[in-house]
Amino acid sequence: MVPPSHRSAQPSSDFEELPSEPRRHPIVWVVYAVLYALAIPWYWPDGYRGPLVLGLPTWVAVTAGSVVLLGIWTCFVIRRYWQDEFQDEVGP
Amino acid sequence: MSGGVSFGSGALVVVGLYLLSMIGIGWLGRRHRKDDSLSDFYLAGRAMGFGVLFLTLYATQYSGNTLFGYTGRSYHIGFAWTVSILFMFSIIVGYLLFAPRLVRVARSHAFITPGDYIQHRFTSRGLTLLATVLMIYALGNYTLAQLKAMGAAVEGITDGAVPSAYGIVALAIIMVIYETLGGMRSVAWTDVIQGVVLLVGFSILLFVIPGLGGGLGSVVEKLSKMEPKMSGVPSLETCNTWISYIFLLGCGAAIYPQAIQRLYAARSVPVLKRSLSVMAFMPLTTTFIALLCGVTGAVVLPGLEGVESDQVLARLCALVMSTSVLGYWLVVVVFAAALAALMSTADSALLSISSMFTRDIYQAHLRPQSSQAELTLVGKVVSWVVVVVLVAIAIVTDKTLVRLLELKFEVLIQIVPCFFLGLYWKRLSTAVVTTGMLVGLVVGLGFTLAGQTRVLGFHAGVVGLFANFGVCALGVWLRPVAEGGNR
Numbered sequence: 000m001v002p003p004s005h006r007s008a009q010p011s012s013d014f015e016e017l018p019s020e021p022r023r024h025p026i027v028w029v030v031y032a033v034l035y036a037l038a039i040p041w042y043w044p045d046g047y048r049g050p051l052v053l054g055l056p057t058w059v060a061v062t063a064g065s066v067v068l069l070g071i072w073t074c075f076v077i078r079r080y081w082q083d084e085f086q087d088e089v090g091p
Numbered sequence: 000m001s002g003g004v005s006f007g008s009g010a011l012v013v014v015g016l017y018l019l020s021m022i023g024i025g026w027l028g029r030r031h032r033k034d035d036s037l038s039d040f041y042l043a044g045r046a047m048g049f050g051v052l053f054l055t056l057y058a059t060q061y062s063g064n065t066l067f068g069y070t071g072r073s074y075h076i077g078f079a080w081t082v083s084i085l086f087m088f089s090i091i092v093g094y095l096l097f098a099p100r101l102v103r104v105a106r107s108h109a110f111i112t113p114g115d116y117i118q119h120r121f122t123s124r125g126l127t128l129l130a131t132v133l134m135i136y137a138l139g140n141y142t143l144a145q146l147k148a149m150g151a152a153v154e155g156i157t158d159g160a161v162p163s164a165y166g167i168v169a170l171a172i173i174m175v176i177y178e179t180l181g182g183m184r185s186v187a188w189t190d191v192i193q194g195v196v197l198l199v200g201f202s203i204l205l206f207v208i209p210g211l212g213g214g215l216g217s218v219v220e221k222l223s224k225m226e227p228k229m230s231g232v233p234s235l236e237t238c239n240t241w242i243s244y245i246f247l248l249g250c251g252a253a254i255y256p257q258a259i260q261r262l263y264a265a266r267s268v269p270v271l272k273r274s275l276s277v278m279a280f281m282p283l284t285t286t287f288i289a290l291l292c293g294v295t296g297a298v299v300l301p302g303l304e305g306v307e308s309d310q311v312l313a314r315l316c317a318l319v320m321s322t323s324v325l326g327y328w329l330v331v332v333v334f335a336a337a338l339a340a341l342m343s344t345a346d347s348a349l350l351s352i353s354s355m356f357t358r359d360i361y362q363a364h365l366r367p368q369s370s371q372a373e374l375t376l377v378g379k380v381v382s383w384v385v386v387v388v389l390v391a392i393a394i395v396t397d398k399t400l401v402r403l404l405e406l407k408f409e410v411l412i413q414i415v416p417c418f419f420l421g422l423y424w425k426r427l428s429t430a431v432v433t434t435g436m437l438v439g440l441v442v443g444l445g446f447t448l449a450g451q452t453r454v455l456g457f458h459a460g461v462v463g464l465f466a467n468f469g470v471c472a473l474g475v476w477l478r479p480v481a482e483g484g485n486r
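From first to last, the protein sequence lines stand for chains G and H. Okay, so the first sequence: first residue is 0 according to numbering that gives the first Met the number 0, each after it adds one. Okay, so the second sequence: first residue is 0 according to numbering that gives the first Met the number 0, each after it adds one.
The hints are simulated quantities; they were obtained by calculation from the structure and are not laboratory data. Even glycine gets a Cβ: it sits at the ideal position worked out from N, Cα and C. It cannot be assumed that every hint is accurate.
Here are the in silico distance ranges between beta carbons for each label pair [claimed, not checked]:
| hint | chain 1 | residue 1 | chain 2 | residue 2 | range |
| --- | --- | --- | --- | --- | --- |
| 1 | H | L283 | G | Q82 | 42 to 52 Å |
| 2 | G | D45 | H | H31 | 50 to 60 Å |
| 3 | G | D45 | H | T284 | 25 to 35 Å |
| 4 | G | W41 | H | G216 | 24 to 34 Å |
| 5 | G | Y47 | H | R30 | 34 to 44 Å |
| 6 | H | G216 | G | R23 | 25 to 35 Å |
| 7 | H | D35 | G | I71 | 40 to 50 Å |
| 8 | H | G125 | G | F14 | 18 to 28 Å |
| 9 | G | Y47 | H | K33 | 24 to 34 Å |
| 10 | G | E16 | H | G214 | 52 to 62 Å |
| 11 | H | V384 | G | F75 | 20 to 30 Å |
| 12 | H | R29 | G | I71 | 37 to 47 Å |
| 13 | G | Y47 | H | W26 | 52 to 62 Å |
| 14 | G | G46 | H | S217 | 42 to 52 Å |
Some chain G residues flagged as far from chain H (calculated, every beta-carbon gap over 10 Å) [claimed, not checked]:
| hint | residue |
| --- | --- |
| 15 | P25 |
| 16 | I26 |
| 17 | V33 |
| 18 | I39 |
Examples of chain H residues lying across from chain G (beta carbon under 10 Å, computed) [said to hold, decoys possible]:
| hint | residue |
| --- | --- |
| 19 | L95 |
| 20 | L96 |
| 21 | R103 |
| 22 | P209 |
| 23 | I242 |
| 24 | R273 |
| 25 | L283 |
| 26 | S321 |
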């Protein structure tokens with residue numbers, strides 16, 4: 000005998016769309032792509048340091064700033080684009 | 000934390016009391032248990048609120064490696080390790096790719112382990128067993144690394160008076176006691192304390208370590224003169240490695256079984272969303288500070304090589320200790336933070352191993368008719384057995400671990416398509432996802448064991464994952480639409 004949750008269920012119902020989730024919104028990933036492109040230092044000259052910004056090399060400050068923007072964008076995405084009908088407080 | 004830090008008896012008593020308080024919290028966790036079910040033991044009754052969930056996610060995600068390994072890495076390569084902020088952030092983006100759907104399905108079907116989802120989605124006991132074995136293997140290696148670091152830390156603060164092996168045994172016993180007392184509830188509650196201590200420890204590091212080099216600006220100026228490459232923009236190939244790290248951690252760490260179980264354990268979706276929102280900023284308070292400590296070490300303590308470079312943080316702390324009584328006690332807090340980082344990660348991984356063995360192997364294949372109380376008891380016994388085995392391995396293996404014991408992400412990451420694709424691609428069949436997993440493993444492990452850990456800057460495991468995704472995409476594309484649905 001197989002335990003209850005190890006038996007076959009009805010997976011097809013699991014594919015029902017949520018009211019909204021980040022994966023379905025192209026704008027979410029376009030903004031992520033832009034911010035990641037800003038964070039990865041591919042566009043600077045090799046070996047460049049630049050003037051210090053808050054004690055950091057320019058490119059490091061830009062990367063750290065990009066991570067802050069990525070964090071802010073993520074908060075917005077979670078709030079705006081992750082909508083689930085199971086919003087109630089469900090206990091055990 | 001070996002390599003220069005040794006505490007007096009007062010500090011050792013404080014650290015000892017801190018550790019014993021973990022057992023007290025474990026006992027409190029036991030007192031608050033609702034029943035003897037697996038759900039209560041492994042998911043704290045699915046009732047975690049924001050404070051506990053956020054701090055247990057934080058303390059579990061940031062391990063001893065963040066403190067010691069990342070400072071050592073930035074000591075060697077300088078600001079090129081800024082990638083660590085980005086890849087730790089990317090774990091949250093990884094969650095966004097599958098967590099909304101997984102959480103809903105998990106709540107509908109009362110999943111306890113990642114294996115529960117895989118079995119439910121693909122209805123294949125073979126695939127579930129394969130994925131479970133891979134996850135246990137990866138987590139075993141992860142826990143092993145934490146245990147070895149615990150031993151080194153204890154040996155360091157006692158100036159060698161307590162050998163590493165005794166340190167490993169003592170801390171492992173404390174950990175497994177509080178874990179088996181109350182399961183996830185105890186682990187999460189200790190994580191609250193450990194998470195706070197970790198945050199305080201990193202804050203102290205931010206304020207005292209760069210000061211050893213005359214302040215951050217001065218450190219960077221000196222570093223630029225000593226080793227211009229360490230403060231300069233990395234090469235394009237290194238940028239490829241950054242992208243690879245983003246994939247490796249963004250996908251791999253997001254599906255760590257202990258992380259997935261915390262998604263299951265949230266009291267509600269809003270609580271989970273709030274916790275993940277705050278987690279998005281935590282790399283700036285953690286890995287970023289480890290980076291600054293590492294580059295300060297490169298200026299203040301140049302010339303450390305090999306294993307010694309992982310001790311750079313301990314040596315910097317020794318310098319802080321020698322400055323004043325305040326400095327001494329600040330380092331005691333930092334050491335407590337180090338133990339917190341190590342134990343909070345190891346206990347969560349251990350609990351996850353126990354749950355997967357009990358649920359996905361013992362109940363699924365050996366005794367399906369077991370009662371919940373029997374399964375919970377088996378889970379506790381498994382925790383003790385796993386700890387004994389891992390402690391023995393940690394003690395007998397030296398610092399140059401065989402490569403097989405270091406593999407984790409290369410293996411774990413091959414399970415990613417089960418979640419990232421399986422939740423959304425209805426036509427992804429069991430045969431295809433299994434084939435993809437095996438191809439990914441062969442490619443990733445093949446390159447790694449052949450000594451080629453990177454290919455054009457990309458990690459071998461990530462190359463394996465690309466092959467894995469390719470197989471899944473091809474399999475779905477070739478499958479006629481009329482046959483859509485799950486086998």
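Quick rundown of the hints versus the structure:
The hinted range of 42 to 52 Å is not satisfied by L283 (chain H) and Q82 (chain G), whose Cβ atoms lie roughly 28 Å apart. Our hint of 50 to 60 Å for D45 (chain G) and H31 (chain H) holds, since their Cβ atoms are close to 57 Å apart. Our hint of 25 to 35 Å for D45 (chain G) and T284 (chain H) holds, since their Cβ atoms are close to 30 Å apart. Between W41 (chain G) and G216 (chain H), the C-beta spacing of about 26 Å keeps the proposed range 24 to 34 Å intact.
At roughly 59 Å, the beta-carbon separation of Y47 (chain G) and R30 (chain H) lies outside the given 34 to 44 Å, and the hint is violated. For G216 (chain H) and R23 (chain G), the Cβ-Cβ distance of about 45 Å falls outside the hinted range of 25 to 35 Å, so the restraint is violated. One distance hint, 40 to 50 Å for the beta-carbon pair D35 (chain H) and I71 (chain G), holds here, with the actual separation near 44 Å. In this structure the hint that G125 (chain H) and F14 (chain G) lie 18 to 28 Å apart at CB holds, the actual value being about 23 Å.
Taking the beta carbon of each, Y47 (chain G) and K33 (chain H) are about 59 Å apart, not inside 24 to 34 Å as hinted. Checking the proposed 52 to 62 Å range against E16 (chain G) and G214 (chain H) shows it holds: the Cβ atoms sit about 53 Å from each other. At about 46 Å, the CB distance of V384 (chain H) to F75 (chain G) disagrees with the hint of 20 to 30 Å. Hint check: R29 (chain H) to I71 (chain G), Cβ distance near 41 Å, so the stated range 37 to 47 Å holds.
Checked against the hint of 52 to 62 Å, the C-beta distance between Y47 (chain G) and W26 (chain H) comes to roughly 56 Å, which is consistent with it. Checking the proposed 42 to 52 Å range against G46 (chain G) and S217 (chain H) shows it is violated: the Cβ atoms sit about 21 Å from each other. A cut-off of 10 Å between C-beta atoms confirms that P25 (chain G) is not in contact with chain H; the least separation is 14 Å. With a cut of 10 Å on Cβ distances, I26 (chain G) stays outside the contact zone with chain H, its closest approach being about 13 Å.
Remark: the non-interface label on V33 (chain G) is consistent with the geometry, its nearest Cβ contact in chain H lying 14 Å away (cut-off 10 Å). The Cβ of I39 (chain G) sits about 5 Å from the closest Cβ of chain H, inside the 10 Å cut-off, so the non-interface label is violated. Nearest Cβ of chain G to the Cβ of L95 (chain H): about 5 Å, under the 10 Å cut. The hint holds. Nearest Cβ of chain G to the Cβ of L96 (chain H): about 6 Å, under the 10 Å cut. The hint holds.
Hint status for R103 (chain H) relative to chain G: holds, with the closest Cβ pair at about 6 Å, below 10 Å. A cut of 10 Å between beta carbons decides the hint on P209 (chain H): the least distance to chain G is about 8 Å, and the hint holds. The interface hint given for I242 (chain H) holds, since its Cβ lies 7 Å from the closest Cβ of chain G, which is under the 10 Å cut-off. Given the 10 Å rule on beta carbons, the hint for R273 (chain H) holds: about 8 Å separates it from the nearest Cβ of chain G.
The criterion of a C-beta within 10 Å of any C-beta in chain G is met by L283 (chain H), whose closest approach is roughly 6 Å, and the hint holds. Using the Cβ-Cβ criterion of 10 Å, the hint placing S321 (chain H) at the interface with chain G is not satisfied: the shortest such distance is roughly 25 Å.
Hints 1, 5, 6, 9, 11, 14, 18 and 26 from the list above are not met by this structure, while the remaining hints are.
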